[in-house]
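Enquirer: These are the residues of each chain, in order.
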Amino acid sequence: MKQKIKIVHYKAGNIASVQNALNRLGTEAGLAASPKELEDADKLIFPGVGHARPAMEVLNQQGMDQAIRDFSGPVLGICLGMQLMAASSEEGNMKGLGIFPEQIKRFTGDLKIPHMGWNSLYALKGPLFKGVAENSHVYFVHSYYMPQCDRAIALCRYNQPFTAAISHNQFFGLQFHPEKSGKPGMQILQNFIDL
Amino acid sequence: MPMLTKRIIPCLDIKEGRTVKGVSFGNLRDAGDPVELAARYSDEGADELTLLDITATLEGRTTFLRVVEEVAAATSIPFTVGGGIGSEAEVEKLLSKGADKVSVNTAALRDPALITRLSDAFGNQCVVVAIDAKLINGRWQVVSHAGTRLTDIDATKWATEVCDRGAGEILLTSFTADGSRKGFSLDITSAVATAVPVPVIASGGAGIPAHFLDVFTQGRADAALAAGIFHYGVIGIPEVKTFLKNQNIPVRL
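Same order as they appear, the protein sequences are chains E and U. Residues 1 to 195 in the working numbering are what the first sequence lists, from first letter to last. Residues 1 to 253 in the working numbering are what the second sequence lists, from first letter to last.
Please note: incorrect hints may appear among the correct ones.
[To be verified] Straight-line distance between alpha carbons at most 25 Å, and here's what the computed DSS-like set of lysine-lysine pairs gives:
| hint | chain 1 | residue 1 | chain 2 | residue 2 |
| --- | --- | --- | --- | --- |
| 1 | U | Lys182 | U | Lys21 |
| 2 | E | Lys183 | U | Lys97 |
| 3 | E | Lys2 | E | Lys43 |
| 4 | E | Lys43 | E | Lys11 |
| 5 | E | Lys11 | E | Lys105 |
| 6 | E | Lys4 | E | Lys36 |
| 7 | E | Lys112 | U | Lys157 |
| 8 | U | Lys97 | E | Lys4 |
| 9 | E | Lys125 | E | Lys183 |
| 10 | E | Lys43 | E | Lys130 |
| 11 | E | Lys183 | U | Lys245 |
| 12 | E | Lys36 | E | Lys2 |
| 13 | U | Lys245 | E | Lys112 |
| 14 | U | Lys97 | E | Lys11 |
| 15 | E | Lys95 | E | Lys11 |
| 16 | E | Lys11 | E | Lys36 |
| 17 | E | Lys4 | E | Lys183 |
| 18 | E | Lys2 | E | Lys130 |
| 19 | U | Lys93 | E | Lys11 |
| 20 | E | Lys105 | E | Lys95 |
| 21 | U | Lys182 | U | Lys245 |
The set of hints was computed from the structure by calculation and includes no laboratory data. Everything numeric in this text was worked out from a predicted model, so none of it was measured.
Can you make the complete structure from the sequences, with help from the hints?
Expert: Encoded structure:
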């Protein structure tokens, strides 16, 4: 049976970009704005751009916070989506979904913020990075980050190493945008489809 | 060691659905189909794209939205759209068509609070403020309305202000160097890049690969934008990037 992938629709996601990328891979994805619309989904993509606090408020209003936590299939959080899956964020001093126990911090120091552009990945692990070479460049745009942690399946470095990708049970998070990261990004999305 | 790379960004000026390019914002020449160009640049290693709508008509606007949609479908790299954007509703529409960032210029000069409204609504990562600067008697002043009106605003001061108001990136174009192919304006680029906490894209004047090296070293730019030299095949993106790599500038190849 063909699998059904859905994208969390909560007005803070770069939905068109994710859908375009999946279409290029020959995969269709529907949208889910309510827990009911998640019932027939096998996999979930949770994109996000913008501010953490208003995004979380919309998720809570839609009842999607609990629905994402309870989802039994693979979930892929992208950028803000990944950060919202963490325990807490310094952005708006808020609680996250708590799927990943880590905390999200703001970049500090003598740096251009946002961390914007193409940076390379290292210490790649697991099925999401199958066929992706060490030091592949992917596109980042973020002002907050998850520090390096044991659950990291990819690291990146700005002024310090940080978690570029994480997995915990069936949940995956990517700090970069695979849908905007050329060939390696498309490979990562294909790997998620193939999980 | 992994590090953030310097970005090379081709810019497509779009008028009535076609790519055009002029000198100091005038004398337009046709430079091809924007969707084909965008796909080609993406394949050649462009790190981002910028699409500027330079049509003034309503029909042109609709055509531009279609171009944005088609570019989003045809590429897997980020792109910024700009040209005449002045409201949250317009930004929402462009983002829903697949744009990643928007750039505002004249509208931000007229209504600086727009920057904060856009940043609050969509996040500062998606708000690029475009600043066109012209050298007048030794002072870099901001020009508006596609370079047709000179203001009394100091370019570096304005750059600092727009960042305080929520800009996530600055697209700094030297009106003085634009189209000259004699090199970027390094002094103003360096002044702005040093003054602001966000990334700065330098634009205007690219002619040879060494100009890119200069703007990343002396100019302290995070990214460099060019149009004509790429459209007309004067130099290719791979050529620029290979040159930069050989000069120890971090680039994505």
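Enquirer: Now, for every hint given, state plainly whether the structure supports it.
Expert: Status of the hints after comparison with the structure:
1. Between lysine 182 of chain U and lysine 21 of chain U the alpha-carbon distance is near 17 Å, which keeps this suggested pair within the 25 Å criterion.
2. In summary, the hint linking lysine 183 of chain E to lysine 97 of chain U is supported, as the alpha carbons are separated by about 22 Å, within the 25 Å threshold.
3. At roughly 12 Å between alpha-carbon atoms, lysine 2 of chain E and lysine 43 of chain E fall within 25 Å of each other, so this suggested pair holds.
4. For the given pair, lysine 43 of chain E sits about 20 Å from lysine 11 of chain E by alpha-carbon distance, which is consistent with the 25 Å threshold.
5. With a C-alpha separation of about 23 Å, the suggested pair lysine 11 of chain E and lysine 105 of chain E falls inside the 25 Å cut-off, and the hint holds.
6. Of the pairs offered as hints, the one joining lysine 4 of chain E and lysine 36 of chain E holds, with about 14 Å between alpha carbons and a cut-off of 25 Å not exceeded.
7. Pair hint lysine 112 of chain E plus lysine 157 of chain U holds up; C-alpha atoms about 18 Å apart against a cutoff of 25 Å.
8. Of the pairs offered as hints, the one joining lysine 97 of chain U and lysine 4 of chain E holds, with about 23 Å between alpha carbons and a cut-off of 25 Å not exceeded.
9. At most 25 Å may separate the alpha-carbon atoms for a hinted pair to count; lysine 125 of chain E and lysine 183 of chain E meet this at roughly 18 Å.
10. The straight-line distance between the Cα atoms of lysine 43 of chain E and lysine 130 of chain E is roughly 19 Å, inside the 25 Å bound, and the hint therefore holds.
11. Our distance criterion of 25 Å between C-alpha atoms is met by lysine 183 of chain E and lysine 245 of chain U, whose separation comes to about 20 Å.
12. The straight-line distance between the Cα atoms of lysine 36 of chain E and lysine 2 of chain E is roughly 20 Å, inside the 25 Å bound, and the hint therefore holds.
13. Between lysine 245 of chain U and lysine 112 of chain E the alpha-carbon distance is near 22 Å, which keeps this suggested pair within the 25 Å criterion.
14. Distance hint between lysine 97 of chain U and lysine 11 of chain E is fulfilled; the C-alpha atoms sit about 14 Å from each other, no more than 25 Å.
15. For the hint pairing lysine 95 of chain E with lysine 11 of chain E, the CA-to-CA distance comes to about 19 Å; that is within 25 Å, so the pair holds.
16. With a CA separation close to 18 Å, the supplied pair lysine 11 of chain E and lysine 36 of chain E stays within the 25 Å bound.
17. About 23 Å separates the Cα atoms of lysine 4 of chain E and lysine 183 of chain E, which keeps this hinted pair within 25 Å; it holds.
18. Of the pairs offered as hints, the one joining lysine 2 of chain E and lysine 130 of chain E holds, with about 22 Å between alpha carbons and a cut-off of 25 Å not exceeded.
19. For the hint pairing lysine 93 of chain U with lysine 11 of chain E, the CA-to-CA distance comes to about 12 Å; that is within 25 Å, so the pair holds.
20. With a C-alpha separation of about 12 Å, the suggested pairing of lysine 105 of chain E with lysine 95 of chain E holds against the 25 Å cut-off.
21. Proposed proximity of lysine 182 of chain U and lysine 245 of chain U is supported: the alpha carbons are some 22 Å apart, at most 25 Å.
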